[in-house]
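6 protein chains.
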Amino acid sequence: MRIHLVNPNTTRSMTEKIAAAARAVAAPGTEIVEATSTMGPASIEGHYDDALALPGLLAAIAQAEASGVDAHIIACFDDTGLDAARSLARAPVVGIGEAGYHFASLIAHRFTVVTTLSRSIPVIEANLLRSGLERRCARVRASEVAVLELEDPASDARARISEEIGRAVREDRAEAIVLGCAGMADLARALGETHGVPVIDGVASAVALAEGLVRVGLATSKSGAYAPPRAKAYSGRMADFAPTGG
Amino acid sequence: MRIHLVNPNTTRSMTEKIAAAARAVAAPGTEIVEATSTMGPASIEGHYDDALALPGLLAAIAQAEASGVDAHIIACFDDTGLDAARSLARAPVVGIGEAGYHFASLIAHRFTVVTTLSRSIPVIEANLLRSGLERRCARVRASEVAVLELEDPASDARARISEEIGRAVREDRAEAIVLGCAGMADLARALGETHGVPVIDGVASAVALAEGLVRVGLATSKSGAYAPPRAKAYSGRMADFAPTGG
Amino acid sequence: MRIHLVNPNTTRSMTEKIAAAARAVAAPGTEIVEATSTMGPASIEGHYDDALALPGLLAAIAQAEASGVDAHIIACFDDTGLDAARSLARAPVVGIGEAGYHFASLIAHRFTVVTTLSRSIPVIEANLLRSGLERRCARVRASEVAVLELEDPASDARARISEEIGRAVREDRAEAIVLGCAGMADLARALGETHGVPVIDGVASAVALAEGLVRVGLATSKSGAYAPPRAKAYSGRMADFAPTGG
Amino acid sequence: MRIHLVNPNTTRSMTEKIAAAARAVAAPGTEIVEATSTMGPASIEGHYDDALALPGLLAAIAQAEASGVDAHIIACFDDTGLDAARSLARAPVVGIGEAGYHFASLIAHRFTVVTTLSRSIPVIEANLLRSGLERRCARVRASEVAVLELEDPASDARARISEEIGRAVREDRAEAIVLGCAGMADLARALGETHGVPVIDGVASAVALAEGLVRVGLATSKSGAYAPPRAKAYSGRMADFAPTGG
Amino acid sequence: MRIHLVNPNTTRSMTEKIAAAARAVAAPGTEIVEATSTMGPASIEGHYDDALALPGLLAAIAQAEASGVDAHIIACFDDTGLDAARSLARAPVVGIGEAGYHFASLIAHRFTVVTTLSRSIPVIEANLLRSGLERRCARVRASEVAVLELEDPASDARARISEEIGRAVREDRAEAIVLGCAGMADLARALGETHGVPVIDGVASAVALAEGLVRVGLATSKSGAYAPPRAKAYSGRMADFAPTGG
Amino acid sequence: MRIHLVNPNTTRSMTEKIAAAARAVAAPGTEIVEATSTMGPASIEGHYDDALALPGLLAAIAQAEASGVDAHIIACFDDTGLDAARSLARAPVVGIGEAGYHFASLIAHRFTVVTTLSRSIPVIEANLLRSGLERRCARVRASEVAVLELEDPASDARARISEEIGRAVREDRAEAIVLGCAGMADLARALGETHGVPVIDGVASAVALAEGLVRVGLATSKSGAYAPPRAKAYSGRMADFAPTGG
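Protein chains in written order, with my numbering: chain W, 3 to 248; chain B, 3 to 248; chain Y, 3 to 248; chain D, 3 to 248; chain G, 3 to 248; chain U, 3 to 248.
Worth flagging that the hints you see were computed from the coordinates, not collected in a lab.
Glycine residues also receive a C-beta, built at the ideal position from the N, C-alpha and C atoms.
Mixed in with the good hints there might be a few duds.
[Unchecked claim] Just a sample of chain B residues kept apart from chain D, beta carbon distances all over 10 angstroms, derived:
| hint | residue |
| --- | --- |
| 1 | 156 |
| 2 | 174 |
| 3 | 247 |
[What the hints assert, rightly or not] Distance windows between CB atoms, simulated:
| hint | chain 1 | residue 1 | chain 2 | residue 2 | range |
| --- | --- | --- | --- | --- | --- |
| 4 | U | 191 | G | 3 | 25 to 35 angstroms |
| 5 | G | 235 | U | 31 | 48 to 58 angstroms |
| 6 | U | 30 | G | 15 | 35 to 45 angstroms |
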């Protein structure tokens with residue numbers, strides 16, 4: 003099974019870290035084919051970055067579809083472009099944010115998301131609402147750690163994330179924690195041991211869900227919300243994205 | 003007052019029609035400055051078109067901001083890029099879909115949206131949920147009229163839309179109708195007279211709301227969800243969209 | 003355009019202040035015709051006052067309708083009698099509470115209401131639920147300033163309201179504030195500058211929304227919830243309110 | 003135990019019928035003290051009638067409080083003035099609409115309300131939302147029988163109500179029916195036998211709930227939403243309603 | 003009228019205390035017939051105990067039905083087995099948790115539940131959601147008093163419960179308190195006097211609601227959710243529970 | 003990896019069919035260890051059967067835990083005993099109903115459940131609400147095929163299920179179907195091909211989710227809702243279920 007894991011930001015080092023996290027949990031026989039967006043923001047923090055990451059993301063999805071993959075994972079916790087990718091792809095698509103929410107709902111009555119910056123909170127709240135799992139989430143918290151700080155070994159990022167998890171357990175009665183950034187994938191296990199509650203990494207969750215959908219033989223419904231794009235002209239810099247309706 | 007009305011698809015004839023509808027309701031002293039996206043899809047029908055319309059939309063917003071405008075209107079019923087535009091702009095931003103829902107909520111207990119194709123229904127349902135007004139909407143209905151058909155005088159588009167409105171009044175107990183496409187702006191008044199309930203055009207509603215916000219002195223909050231994009235590198239085809247944090 | 007602004011309490015000084023706030027934002031050509039209720043409570047604080055303000059409010063609406071107006075504004079943050087006024091009037095009706103919620107929803111992901119006394123909180127919560135925008139409101143807070151204190155220049159009312167706004171920004175992550183009393187209309191701009199988030203006055207918002215509805219040609223749907231009252235006998239002190247069904 | 007049952011419309015024959023229904027289910031030792039509003043509409047059909055029934059209702063509540071009663075029942079299915087009455091009274095207050103919803107929720111997973119005219123549907127929907135039980139209600143249906151028709155033995159009102167109940171059972175999977183008008187109190191038992199599902203009369207339900215609250219020693223909380231009205235001046239025709247804060 | 007009150011745990015002393023509380027509020031002519039489960043846990047604290055209390059509960063319900071009773075009360079705040087009991091019984095069934103929520107909703111805009119251990123919070127939250135009244139409940143709080151501690155006169159259980167009620171009034175703006183354990187039935191009145199808000203005991207509430215349903219002639223709908231069990235084979239230790247479909 | 007699949011009803015032939023469906027999708031290296039309940043109902047249709055299946059289910063869970071398994075699957079679409087099993091087990095537990103809802107939410111905007119008898123609809127609706135995914139489900143439909151009919155090759159069960167799926171696609175705009183009974187596991191693929199939308203079998207979904215949780219290293223949180231049962235006495239027929247708190 004080939005799973006395409008696309009980092010919708012352009013920071014290759016983050017892709018490598020995420021792909022390693024994915025490979026660490028992938029089943030024997032699963033090949034993780036990673037890709038880094040070639041156009042757009044170096045990190046995704048808020049709605050503007052999100053919007054301009056979409057062409058790069060969709061280009062990567064299209065390229066992977068052409069090369070033949072069994073599933074796609076969008077490796078940004080904001081689930082950037084999830085709906086558009088589902089419309090485009092023949093293979094199923096899983097976002098790491100949504101993956102975290104679904105897995106948390108299977109092992110806890112109530113979970114908290116601990117993300118990077120405050121500005122991501124509204125994006126995540128909107129995604130929880132879209133997924134339907136907002137009632138299962140006690141609260142979305144920010145550790146005020148910037149995405150690229152997670153790449154810096156000298157930062158105290160891990161300690162600040164751990165403190166926020168502590169508050170979630172004490173103040174929110176959170177029974178599980180979802181880590182709200184792909185760049186935190188390597189921290190989940192240790193933080194879980196520290197705090198005595200499951201700490202869920204969306205990347206690992208997404209690999210498991212994508213493998214599961216493929217094994218069960220399920221792909222995105224092409225009736226309704228995710229019908230293939232209609233053939234039509236696209237112009238200017240986006241011309242080569244024009245759907246052919248094929 | 004200068005209001006920037008941007009059509010996020012690249013079909014100039016539709017921009018002209020929408021701008022005319024906007025000018026027909028604008029207050030004396032309001033200048034409508036229209037723009038047509040220069041890159042992306044010729045019409046927006048579903049999530050994929052939506053995603054790839056964003057760069058063109060945001061480029062138009064940035065250009066209008068630079069030239070000095072008091073408010074922006076996004077003239078696509080899907081409210082394409084509303085959150086990203088709010089992050090980018092200093093001036094307030096109103097989407098024509100959201101404008102329709104808010105005005106409908108002020109004059110009816112319960113309204114129905116009548117849009118173009120079925121594939122737009124899930125997008126609109128998601129937007130209603132995001133706006134918080136989903137409980138006020140009885141149903142989102144499709145007339146199965148394609149966006150570009152609205153430009154074709156020979157089509158029976160208007161009759162099919164009228165029939166769907168009739169069903170909304172009879173079956174949904176809809177007290178008002180929101181027309182679910184910018185291209186329907188010229189039909190509202192006549193359809194309202196035919197069916198005896200208010201028929202709301204999002205374009206006109208958005209002009210009124212944008213004028214209102216400006217007159218009252220309100221603009222998008224820059225604290226939280228719509229904080230300005232952080233300065234960072236963007237690469238590839240999107241490089242010139244990089245925010246400078248200025 | 004003539005907009006009828008009715009203060010449903012009987013305190014004329016408050017009407018003057020509110021009408022001044024309305025005129026300050028009204029478009030050129032808009033005439034604000036104010037009225038003060040001639041029967042009922044001197045201020046509206048809680049459900050009992052609310053109920054007994056209705057005859058005075060509806061009498062003023064009927065009188066203004068007879069004299070010819072284009073829209074009505076109910077100038078009490080509790081949106082006293084909004085549904086009944088919509089049934090009675092031919093012209094559209096906007097409540098200042100609802101106006102504040104709708105405008106806040108257009109410029110912020112999440113807002114907080116700061117009102118007068120705690121006893122108003124449940125009324126406002128019920129109104130938010132009715133409007134459908136309760137999910138957009140982080141919290142309704144009371145500054146414990148009584149309505150008539152706002153008329154007393156010697157009181158520290160403004161400082162207490164400002165402190166509560168500070169708490170809303172810090173504790174609720176409120177991106178905008180809606181001031182929860184018509185008597186606070188003159189404070190919005192200064193408080194917004196102090197706290198760095200939009201502070202929304204319902205009176206100004208209602209003027210803008212009423213002007214907008216009129217310009218767009220929309221009035222309350224007369225099908226369903228707001229159908230005109232059926233002709234029937236009314237007795238006793240209320241006899242002259244009997245609808246004639248005309 | 004003395005229970006004050008107030009008909010907020012001025013039609014004395016309806017009061018008699020409702021009081022008889024109440025007495026038929028009252029426990030031994032319960033005295034039903036009925037009152038008919040002395041000012042306001044002859045029947046309550048929609049928001050305008052509702053608003054103008056409030057002074058008559060509250061006058062009756064005040065008078066009964068003065069004479070000493072243990073509980074109040076508001077005998078209109080719209081739960082006219084429920085919040086205001088709770089603020090005014092020392093004794094607990096039960097609305098017959100709310101009573102029906104609560105009892106239905108105790109004996110069925112899902113119920114339908116069958117009311118008189120379509121125009122009452124939005125009022126009832128709003129009340130269900132306020133009570134919190136809207137998710138338990140499959141649908142609010144109108145039989146298009148006017149309130150005063152129920153008083154006319156020659157009308158086919160009963161047959162039309164029965165047909166609507168049949169549709170509720172077949173189409174809504176309603177497991178119980180709440181009759182949506184005080185004037186239908188005498189029909190419940192026979193309709194339940196016809197349709198094989200419980201048919202709930204709000205009047206009987208309210209008597210049982212009022213008796214229950216009294217026996218258990220519970221009355222409306224005076225902290226928060228239903229705090230007693232503050233002493234203040236009322237003017238004009240409403241002057242004698244001024245609360246003394248006593 | 004004979005009301006069967008079943009304690010679904012096996013602690014007879016608790017049954018006695020609950021039955022005494024029930025008798026204290028029962029109407030003249032109501033006979034409380036108590037039963038203690040003869041198989042299962044000594045107290046119910048969490049989902050596992052809940053599940054294994056069901057056979058004992060249902061055996062008691064069946065036995066009481068055979069002996070002829072007019073209603074059943076399930077005397078555990080978790081409303082253990084409420085749905086199954088409603089399917090089995092011909093007489094109406096009331097849970098003491100649900101009874102508390104319904105009565106609280108009739109006398110307060112917003113209530114808080116104060117229960118025993120934290121582990122009961124999710125069970126109660128799930129029950130509030132099922133009842134539909136979750137929006138009326140500000141918060142479910144735990145006093146960290148174990149069920150059997152309530153039987154120990156030397157414990158400081160009462161003081162800890164009282165402190166938690168104080169926090170509910172101050173921090174949640176709770177207008178009423180529902181005591182979240184059958185074993186707290188004797189504390190309600192005194193705690194209400196201490197805190198100045200109604201403190202509601204589910205046992206008393208359930209007696210009142212059961213009496214009310216019986217007097218009004220209502221029993222569980224047998225159409226839909228609570229249809230009688232179909233006749234079928236049961237095996238092993240559960241064989242004698244097999245429904246005969248009679 | 004060893005996955006314990008427990009059929010909470012006592013019909014061994016159904017267990018075999020379900021286990022075969024599970025093995026058909028299990029990853030290489032996954033061992034499916036099936037168990038059939040040894041006490042309780044032969045099939046689970048409604049709340050009463052559900053309740054009395056719990057001891058048999060929990061006995062099987064305990065036995066499997068003792069023998070060492072990596073995850074449990076509860077193979078009844080009602081998710082019988084899911085919460086209690088999560089409290090009891092150290093290994094993660096997945097219900098086939100919930101598994102179906104989660105997988106449907108990953109591949110469709112909106113799904114419909116097609117189950118056996120009408121009486122299961124309320125149980126499934128309650129489970130959807132508990133899972134938080136009720137907004138994603140358009141409707142729960144019954145094919146009126148009894149569970150044991152699915153075992154009878156001569157019945158027209160499959161045709162009736164297929165007809166109901168057709169109605170779901172046409173009338174509900176369902177983009178995917180979840181088959182609402184473990185006994186339908188063998189029909190999913192063919193029905194999906196017939197109707198052109200994904201048809202989801204909960205058994206296969208649960209296997210995939212259980213494998214995923216195990217591979218990712220996640221198990222049920224033991225903090226909060228699913229804390230291990232406290233040690234206490236159980237009596238009578240249930241005595242041997244007493245938790246030791248170990």
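Q) Of the hints stated earlier, which fail here? A) 4, 5, 6
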